[in-house]
Amino acid sequence: MISSALVMEMVRYDTGVLTTGGMVQMRFQPRHGRYLAAAAENVVSILDVETQACRHSLQGHTKPIHSVCWDPSGEFLASVSEDSVRVWTLGSGNEGECVHELSCNDNKFHSCVFHPTYSSLLVIGCYQASHLSFIA
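Quick note on full-length UniProt numbering: the sequence shown kicks off at 1 and runs consecutively.
Keep in mind the hints are simulated off the structure, nothing from the lab.
Everything numeric in this text was worked out from a predicted model, so none of it was measured.
Think of the CB as a built atom: it goes at the ideal place given N, C-alpha and C, for glycine as much as any other residue.
Some hints could be false.
Unchecked claim - Below, simulated EDC-like cross-link-like pairs (lysine to aspartate or glutamate); rule was C-alpha separation at most 20 Å, straight line:
#, residue 1, residue 2
1, Lys63, Glu82
2, Lys108, Glu82
3, Lys108, Glu41
4, Lys108, Glu75
5, Lys63, Glu97
6, Lys108, Asp48
7, Lys63, Asp83
8, Lys63, Glu41
9, Lys108, Asp83
What the hints assert, rightly or not - So the derived label-pair ranges between C-beta atoms look like this:
#, residue 1, residue 2, range
10, Gln52, Gly125, 29 to 39 Å
11, Thr89, Gln52, 30 to 40 Å
12, Asp106, His32, 33 to 43 Å
13, Asn105, Val49, 32 to 42 Å
14, Gly91, Thr117, 30 to 40 Å
15, Asn105, Arg34, 29 to 39 Å
16, Val49, Thr117, 39 to 49 Å
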């Protein structure tokens, strides 16, 4: 487990601070690395590390977020809370929009990862089993 002091040091950029407060998950956008997804409570913030601005605040989860992951192209971001998985678009067009939601059926979610070559395949870790989800 990463300490909150280390997490705060990770979000420092040059002489500024991108965000304050504890973060549960932080992931850089693949390929470009310009955006940093930072989850706290039930919100995912998309931070622009070049301008040090919050580009999007992705809201919709009702429970705290456990995990976030980018698809290999960096256009989609999945966020996982105990009771739901949401996939957000961050590519061209409808940026910051939830394009897919999966609710939990008695099996609590805790993690997620996109397949490295089949970007429409999202594997969701659950406490009792794994779940495969194909998103269009």
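Here is what the structure says about each hint:
no. : hint                       : in the structure
1   : Lys63 / Glu82              : holds, 6 Å
2   : Lys108 / Glu82             : holds, 5 Å
3   : Lys108 / Glu41             : holds, 17 Å
4   : Lys108 / Glu75             : violated, 26 Å
5   : Lys63 / Glu97              : holds, 19 Å
6   : Lys108 / Asp48             : violated, 31 Å
7   : Lys63 / Asp83              : holds, 7 Å
8   : Lys63 / Glu41              : holds, 7 Å
9   : Lys108 / Asp83             : holds, 6 Å
10  : Gln52 / Gly125: 29 to 39 Å : holds, 32 Å
11  : Thr89 / Gln52: 30 to 40 Å  : violated, 23 Å
12  : Asp106 / His32: 33 to 43 Å : holds, 38 Å
13  : Asn105 / Val49: 32 to 42 Å : holds, 37 Å
14  : Gly91 / Thr117: 30 to 40 Å : violated, 18 Å
15  : Asn105 / Arg34: 29 to 39 Å : holds, 36 Å
16  : Val49 / Thr117: 39 to 49 Å : violated, 27 Å
Of the numbered hints stated above, those contradicted by the structure are hints 4, 6, 11, 14 and 16, listed in ascending order.
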